[in-house]
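K.L.:
Sequence:
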Amino acid sequence: MNCYFEEGEVFTWIRDRERSGENMVVSLKMLKECHRTGSKQAMIAEDIRTGKKYFVKVLFCNDLEQVYVEKESKVQLYSPYIIRIYGGMLDEKNKRFITLVEYIEESDLSELMRGRGIAGDTWNEKMKVRNRIAMKFLLGIDHYMSMYRQDPIVHRDLKPENVLASPDGSVVKIIDFDWVHLHASNVTVMLRREQKGTPGYADPRYWNSYICRPEMDIYSAGLVLYFIYTGKHHFYGNDEIKNYMIGDDYAYQLKEMPGIDDRLSRIIAKMIAREEERYGSIKEVIQDMKEYLMSVRKLPELPEFLEQPQEQKTIRFSYRIGDVKYSPYMKNYRFIPIEFGTKQERSQNGRMSGHILSFYRMDDKVKALILHEDCHIIRKQKEKEVCEGDIFTYAGTNIEILQIKR
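Residue 190 in our numbering is what sits at position 167 of the sequence shown, and the numbering runs on without skipping anything.
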């Protein structure tokens, strides 16, 4: 009999250090049950000490070897557009594996469209939000895909229900990495031969295959973009799903998108085309989307896109992490310590994960984008820019801004 958590129950979660690195211990109080099936349970819990909320996912496993297939707990991605997964704990006594996940109150895209809908009083206002959600969604995919050139991470279940978003697009998070293919993992091949995904969003060509390729996620992402811009599923109803599952031309041809610019429709059409005609990388999709949105002056203001002209004057910038000083020249729009999808610079004491925050320039101002929720501002002089003397903190280490010289 499964030992389910009950509301009000107190439990100490201890991250499995063997699989996740540094230690983490959280005393949790279970607040609300969100989901329960035979082998799975989901709870909202609260840190008794801090009051912070978490999402708790429980997998019951009579065969403890099954926990090696529970790969979501091993997903260590630090992006503002991907849900934070803290790790997993094996509770051998009760034969359950417990994954701790960042808790976000926002609805998924499907719930958002059925409920409050996209914010905005006019078509143009709503399109502005849709563009913001679409670009953040694509940047989240780019983050996990670009972590490794060979054998990249593949989500395998991108769909509207697995993207959380606020009505104004300020918050966008890719969630649910239950069926993820991890880099250099043979688990997908050996233990998950069946294709996982959702009918109507997974590429039918791979439905009965254990092959994992980035093009699978590009296909699914294209159908998610169709949903973002139309509010409708591309394949809907039993008859359409049956025709889609056959895997012929029907599954790879975009329906009409009334009111949507043909240039945007062509991008989405190329995302869901047959693999030999499809985009080869998500970066190509982002580049085409960026060029299109710039051409119509609708590119959302995101730190990732704040590129400066080459003739822009250099800003000399220096900061200190603990006792280590760094003095990069700011010519580009983004620089150390953060650059999405690459190994990060670390402090000499090795304590900094690298995925903490990113400094970037916009014209003659320096700004900051906090990427790790445990990074905080403890001294700030101006609301919308970074100034000399500002201090951030992470893991007991201060990050102090020493100089900004234009």
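If you're looking for bench data, these hints aren't it; they were derived computationally from the structure. Heads up, some of the hints might be wrong.
25 Å max Cα-Cα, derived DSS-like pairs, lysine-lysine [what the hints assert, rightly or not]:
{"id": "1", "residue 1": "K336", "residue 2": "K265"}
{"id": "2", "residue 1": "K255", "residue 2": "K265"}
{"id": "3", "residue 1": "K407", "residue 2": "K428"}
{"id": "4", "residue 1": "K116", "residue 2": "K149"}
{"id": "5", "residue 1": "K336", "residue 2": "K151"}
{"id": "6", "residue 1": "K321", "residue 2": "K306"}
{"id": "7", "residue 1": "K278", "residue 2": "K336"}
{"id": "8", "residue 1": "K149", "residue 2": "K313"}
{"id": "9", "residue 1": "K336", "residue 2": "K255"}
K.L.:
Could you run down the list of hints and mark each one as holding or not?
P.N.:
How the hints compare with the structure:
{"no.": "1", "hint": "K336 to K265", "in the structure": "violated, 58 Å"}
{"no.": "2", "hint": "K255 to K265", "in the structure": "holds, 18 Å"}
{"no.": "3", "hint": "K407 to K428", "in the structure": "holds, 18 Å"}
{"no.": "4", "hint": "K116 to K149", "in the structure": "violated, 51 Å"}
{"no.": "5", "hint": "K336 to K151", "in the structure": "violated, 31 Å"}
{"no.": "6", "hint": "K321 to K306", "in the structure": "holds, 19 Å"}
{"no.": "7", "hint": "K278 to K336", "in the structure": "violated, 47 Å"}
{"no.": "8", "hint": "K149 to K313", "in the structure": "holds, 18 Å"}
{"no.": "9", "hint": "K336 to K255", "in the structure": "violated, 47 Å"}
In this structure, the earlier hints numbered 1, 4, 5, 7 and 9 are contradicted, and the remaining ones agree with it.
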